[in-house]
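Visitor: Let chain A serve as the given structure and place chain B on it in line with the hints.
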Amino acid sequence: NAGVMQNPRHLVRRRGQEARLRCSPMKGHSHVYWYRQLPEEGLKFMVYLQKENIIDESGMPKERFSAEFPKEGPSILRIQQVVRGDSAAYFCASSQRQLEADTQYFGPGTRLTVL
Amino acid sequence: KQEVTQIPAALSVPEGENLVLNCSFTDSAIYNLQWFRQDPGKGLTSLLLIQSSQREQTSGRLNASLDKSSGRSTLYIAASQPGDSATYLCAVRGAGGSYIPTFGRGTSLIVHP
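Residue numbers (the numbering used here), protein chains in the order written: chain A, 1 to 115; chain B, 1001 to 1113.
Bound-form chain A, shown alone:
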């Protein structure tokens, strides 16, 4: 009964490279949420996806960032041409239904460091 899984746990990239972060939701969960936690700041919502659909990407930067949740496989958060300001912890959460009374289940996060 594995929880939300994220990999890699730590990722180091040089400026200009691409970063790919993966999230496997809990079994039976079809709703995935990505958050970013910058140093000394709270978690900020980025994007909400269901299988094959982006429901809300209002928190995601318009450029360089994209997310997908294919029919098969994990959800992917992709950051192109990374900059130092992208260094943060990126958390994924999943829920069985759209967040109503449901609690969110969080993964351990991916810590991205941009050199």
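Just so you know, the hints here were simulated from the structure itself, not pulled from any lab data. The model shown is predicted, which means the values in this text are computed figures rather than measured ones. Honestly, I wouldn't trust all of these hints.
Dumping the calculated DSSO-like pairs for lysine-lysine here, alpha-carbon to alpha-carbon at most 30 Å [as the list claims (entries may be wrong)]:
hint	chain 1	residue 1	chain 2	residue 2
1	A	Lys-62	B	Lys-1001
2	A	Lys-71	A	Lys-51
3	B	Lys-1068	A	Lys-44
Guide: Then chain B, alone, in the frame of chain A:
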């Protein structure tokens, strides 16, 4: 726009003390409020979820209260232990079933033996 503030930002107490963490929010039209624990380098663990119609929730040594009209919630930890050391976050979800929670910056708690 909802804003969530947590006070204090950091707290250090000796083992055995009872303590209170505070969370305030600016828009009282909330759907629910949730307290999380975050351990260093790890994800978030849900502790307590309070619906807007509820006043409090309890789990073991933890008790969370909600006063929606004043925009406040408290997390009470009884008989603190070193294992309680972590960052505690509160997250508020807006009325209408919004799925986007607003998080506070957290209270970093250290319980020393």
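Visitor: If a hint holds in the structure, say so; if it does not, say that too.
Guide: Checked hints:
Between Lys-62 (chain A) and Lys-1001 (chain B) the alpha-carbon distance is near 21 Å, which keeps this suggested pair within the 30 Å criterion. Simply put, Lys-71 (chain A) and Lys-51 (chain A) have alpha-carbon atoms about 6 Å apart, close enough for the 30 Å limit, and the pair holds. Between Lys-1068 (chain B) and Lys-44 (chain A) the CA atoms are separated by roughly 23 Å; this keeps the pair inside 30 Å, and the hint holds.
Of the numbered hints given earlier, the model fails none.
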